[in-house]
Amino acid sequence: MANWSPDKCNCPIVYTLSIVGGKWKWVILYKLSEHKVLRYGELKKILPPITHKMLSQQLKELEAKQLIYREEYHQIPPKVEYSLTEKGKTLIPVLDRMSIWGNENKPISPVPTL
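Numbering-wise, the sequence shown is residues 1 to 114 according to UniProt numbering.
What the hints contain is simulated information worked out from the structure, not anything from laboratory work. Among the clues, some could well be false.
Below are the SDA-like pairs computed for lysine to any residue, each with C-alpha atoms no more than 25 Å apart in a straight line [unchecked claim]:
1. Lys45 / Trp24
2. Lys65 / Val94
3. Lys53 / Pro78
4. Lys23 / Pro48
5. Lys53 / Trp26
6. Lys36 / Cys11
7. Lys31 / Lys106
8. Lys36 / Trp26
9. Lys106 / Lys87
Per label pair, the in silico range of CB-to-CB distance [as the list claims (entries may be wrong)]:
10. Glu71 / Leu47: 16 to 24 Å
11. Lys79 / Pro48: 18 to 26 Å
12. Val27 / Pro110: 23 to 31 Å
13. Met98 / Pro48: 31 to 39 Å
14. Val14 / Ile76: 26 to 34 Å
15. His74 / Asn10: 41 to 49 Å
Every residue, glycine too, gets a C-beta built ideally from N, C-alpha and C.
Throw the hints in and build the complete structure from the sequences for me.
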């Protein structure tokens with residue numbers, strides 16, 4: 001068991017989740033698919049509960065897996081933009097289906113009475 005890794009697993013779901021699993025990666029990818037290009041601060045505003053450390057970590061992991069592209073502009077103040085790579089764009093149909101499923105299955109909030 002010590003030599004086990006998602007890369008060696010025959011299950012495509014396990015492999016996919018090893019790349020994009022977790023609470024934030026799918027949301028980050030979805031927001032980038034909606035907006036095409038986002039700066040770090042814009043992503044942080046869209047995802048208010050995420051900490052700076054977690055957002056930075058998730059972005060680095062997505063970049064390392066070549067799902068997002070990080071463009072750094074050398075200026076004052078520093079400017080960094082994120083967008084989906086071609087590989088990342090292949091997940092858009094999955095993201096769209098997840099969004100549809102969520103809309104169809106999320107609980108309906110009761111309307112407050114006055």
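Now for the hints, and whether the structure bears them out:
no.	hint	result
1	Lys45 / Trp24	holds, 14 Å
2	Lys65 / Val94	holds, 17 Å
3	Lys53 / Pro78	holds, 18 Å
4	Lys23 / Pro48	holds, 13 Å
5	Lys53 / Trp26	holds, 17 Å
6	Lys36 / Cys11	violated, 31 Å
7	Lys31 / Lys106	holds, 19 Å
8	Lys36 / Trp26	holds, 15 Å
9	Lys106 / Lys87	violated, 29 Å
10	Glu71 / Leu47: 16 to 24 Å	holds, 20 Å
11	Lys79 / Pro48: 18 to 26 Å	holds, 21 Å
12	Val27 / Pro110: 23 to 31 Å	holds, 25 Å
13	Met98 / Pro48: 31 to 39 Å	violated, 21 Å
14	Val14 / Ile76: 26 to 34 Å	violated, 45 Å
15	His74 / Asn10: 41 to 49 Å	holds, 45 Å
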